[in-house]
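Taken in sequence, the protein lines are chains A and B. Here the working numbering is used: position 451 in the first sequence is 451, and no number is missing along the way. Each number in the working numbering corresponds to the 1-based position in the second sequence with 1000 added.
It is possible that some hints are incorrect.
Claimed, not checked - Straight-line C-alpha distance at most 35 Å; calculated DSBU-like pairs for lysine-lysine: (1) B:K1144 with A:K282; (2) A:K127 with A:K171; (3) A:K392 with A:K380; (4) A:K124 with A:K141; (5) A:K337 with A:K383; (6) A:K432 with A:K396; (7) A:K236 with A:K282; (8) B:K1144 with A:K327; (9) A:K171 with B:K1144; (10) B:K1144 with A:K396; (11) B:K1144 with A:K236; (12) A:K141 with A:K271; (13) B:K1144 with A:K432; (14) A:K271 with A:K171; (15) A:K392 with A:K236; (16) B:K1144 with A:K127.
Hint data in this document are derived by calculation from the structure and do not stem from the laboratory.
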Amino acid sequence: MESSSPILRLDSVSKSFNGVKALNSVSLHLELGEVLGLAGHNGAGKSTLLNILSGVFTADAGNMVLGGKKFRPNGYADANSAGVFRIYQELSVIENLTVAENLTLGTEKYIRRFGLITPKRTVKTAKAFLEEFGLGDLDAKRGVDKLTMAERQLLEIAKALYMARLGKIEKPVLLLDEPTSGLTQNQVDFLEEHVNRLRQHTAIILTTHRGSELLEWSDRIVVLRDGRVVGEPDPKRTSPEQLAELMVGDAVISQHERRNDVVRSQSPVLKMTDLTVSGVDKPFNLDIYPGEVVALIGESEEKTQIARCLAGLESPISGTATLGGTKIPSSVRGSLKAGVRFVPADRGGEGLALLQSVQSNLSLCAIAAENRRDLARSPKAEKSFVTGLVTKYNVKVASLEQPSGSLSGGNQQKLLVARAMTDAARVIVLDKPTRGIDVHAKSEIFRLIVEASARGVAVIVASDEPEELMPICDRVIAFRNGQISAQFDCRTGAEPSLTELAAAIS
Amino acid sequence: MSIDRPVGPPDSTVTTVAPAPSFTPMPLRITSATAKHDRLQTVFLVAALLILPIFFTFLNPQYLSPGNLDSMMRQTSVLLLVVAAGTAPILMGSIDLSVGAIVSLCAVCAALLAHSFGQAAVLIALPLGLLIGLLNGVIISYIKLPSFLVTLGTSFAFAGIALLVSGGFPVQLVSGPLSAFFQRSLFGIIPLPLIYALILWALLIVFLRRTATGRFIYAIGGNERAAKVNGVNVRWVKAVAFGAGGLCCALAGILVLFSTTAATPDIGNSFLLPSIAAIVMGGTPLSGGQGGAARGLVGTLILVELTNGMLIIGLPPAAQQIVQGLVVILAVLLTFNRRSVAIVK
């Protein structure tokens, strides 16, 4: 680390909401060229800290110094002009424009000639800029809709740097908020490599829900808990487990018990025969037994395709899936009637009507597919049905009338899983159920999965993060190059190592 | 088997945390803003409802005469039915721009049917309206075309058919036994058509709030993809909603036929804009999934008060049109909750 003073310093920064301290006298510093990892589960104060740095909130107390000057941004634009740029999890790139057009969007006046913008000049400017920052892999002429999520994330970062350049800020501070959420391992590696190239130009504060990533990317780590800094572990000497413990505090670490008593001699509940789906072109056979938890892993979207085929949202290219001996029709309603329940990855897009109440979201499937039309007719019956689900599965809601979109991501996910756990469910298929939710919510989701499997329901989880599923799953099916590459039996402590898993899919 | 059982060695695979940190959900800005907006909107609507009659009576005392009140109630019955017709599609995030044309077509057909088969044949217009609505719905949901364009197109087609079958001239309604059921008033005060409209409107409220199909209409408006994932038969529900709209329009056509005793092929044209305005004023945003039929009545009453008032104070027709157009935009501006809709295009 250089001997010069840090580019950003926070001294005893505090912030309260309605008397609750979200940040309690937090002090930290950030050096030029380093990546500072910010760890902590939801509610620990990460978001509040990022919000204060990006000008969304102002601190109640404490000092911030940026590049030797007092820093107290009032609004996002103010933080930008001082040199702090936040890259949000929800990207704001515009899909129908090219990389170059996105980069220069809103700042066209700098590339205008005689009052006009030419595509050529736009591309030239963007290209030169991207190459200077080692981001030449991003083709300036390419449409954003053709970029991977990692490339879009990178474009967003490039855009921040471009704005900094125009604002004559030499060394901007970047706040990367969950940049890897929803990325596959390949994409994560791609992003990490490129972000590393930016080190000489910037200083970065990073948050991610994946502990192992945080340890790998960061030079230093600050752990927040209940609004305080509770530790600064050395990333090189800390395991993901130790980091998780630090985030959780003295809470008891527990483990879901794997179902070792799944009887494979029983007949399988779900049989996939000579199935091919988009992304898996070699026909495969897969039997799923009652009460089993099976993880599908792979680098690309083939696992999601399988999940969606089972849900009736996509049609398999060939082959069949039978449930209890009868073929699952390839329609959503047919699949629901057969007893398949699907929890989609895109919570807001396919799972919930975010502006509508918790109650109407929870009862919808029962009314539509489980002959519970009485729930629509009688508000009383509906209320008791929904209250039952919320209580049984411990979904934290202030009121059944609140819009589902006002719940935290973790609670939204619990809502979806609770909805899937009906008596009519024989197979529950979850697509990336832990995406973007914190450690605690994850454990709750796992608890529900284990609970379902204890009832004899087969659970299939399409996952990007198989390591976190290890403690609860009975089997892992790995996909690579359009076919099943490996199967692991995880019962009785015979679980595969992370290296084995990684090798099976890459 | 146990779950969340504390396990001894800390080096065992870490997965979870036992005691739940108590999540206090962030203060719900969406809800509180919406609640405040709802209250303001109600105040605004009720104020308009009360101020307009005072204003017009001040300019022309005839406004509150029994004759004019009767006429306003009859206008309300027709507009309320058109509002009812447009509500379900808008709740689904779709829109039906052909309501006016369906009213015209049904009125013309009813008059022609009565001419050929006797007055009772006007009732055949009801199943006809249902079929016309279903046709809209089927094109939209099974061929998957945007409702805006489909109903804009069919509104021209329906208007053309009305013109064709009527030959471009008003079709007189033959007299008959049904006239009494449409022209009389209850206790000599409340016109019977208003009772019919209110009954249908009440049925619509119950349909939307207390039946599975009604729920699905809300669910589709809230998030069509999520509705599908949950097993809602989206296409069928859409067709039903447009079909129900056609039925309401047909009744509106019959009412308007009995009140004017002759059907012109453009008789329903003037209802489209006020009906959409009344729906939006009633708190149902065009983005769908929220609101309902109940408050559409208030919007309807306000618009009837306004149009009737302008007529009675003798505003020239051109000025009436200008005022009505501006009032609709103003009403939307004051009542439309722009916060609850992310992007208004």
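Okay, the hints, checked on the actual structure:
1. B:K1144 with A:K282: holds, 34 Å
2. A:K127 with A:K171: holds, 20 Å
3. A:K392 with A:K380: holds, 18 Å
4. A:K124 with A:K141: holds, 10 Å
5. A:K337 with A:K383: Status holds; Cα separation ~24 Å.
6. A:K432 with A:K396: holds, 21 Å
7. A:K236 with A:K282: violated, 41 Å
8. B:K1144 with A:K327: Given pair K1144 of chain B, K327 of chain A holds - Cα atoms ~28 Å apart, limit 35 Å.
9. A:K171 with B:K1144: At roughly 51 Å apart (the allowed maximum being 35 Å), K1144 of chain B and K171 of chain A break the hint.
10. B:K1144 with A:K396: Distance ~38 Å between K1144 of chain B and K396 of chain A Cα, so the pair is violated.
11. B:K1144 with A:K236: violated, 56 Å
12. A:K141 with A:K271: Given pair K141 of chain A, K271 of chain A is violated - Cα atoms ~46 Å apart, limit 35 Å.
13. B:K1144 with A:K432: holds, 30 Å
14. A:K271 with A:K171: violated, 57 Å
15. A:K392 with A:K236: violated, 42 Å
16. B:K1144 with A:K127: With a Cα-Cα distance of about 41 Å, the restraint between K1144 of chain B and K127 of chain A is violated, given a limit of 35 Å.
Against the hints set out earlier in the document, violations occur for numbers 7, 9, 10, 11, 12, 14, 15 and 16.
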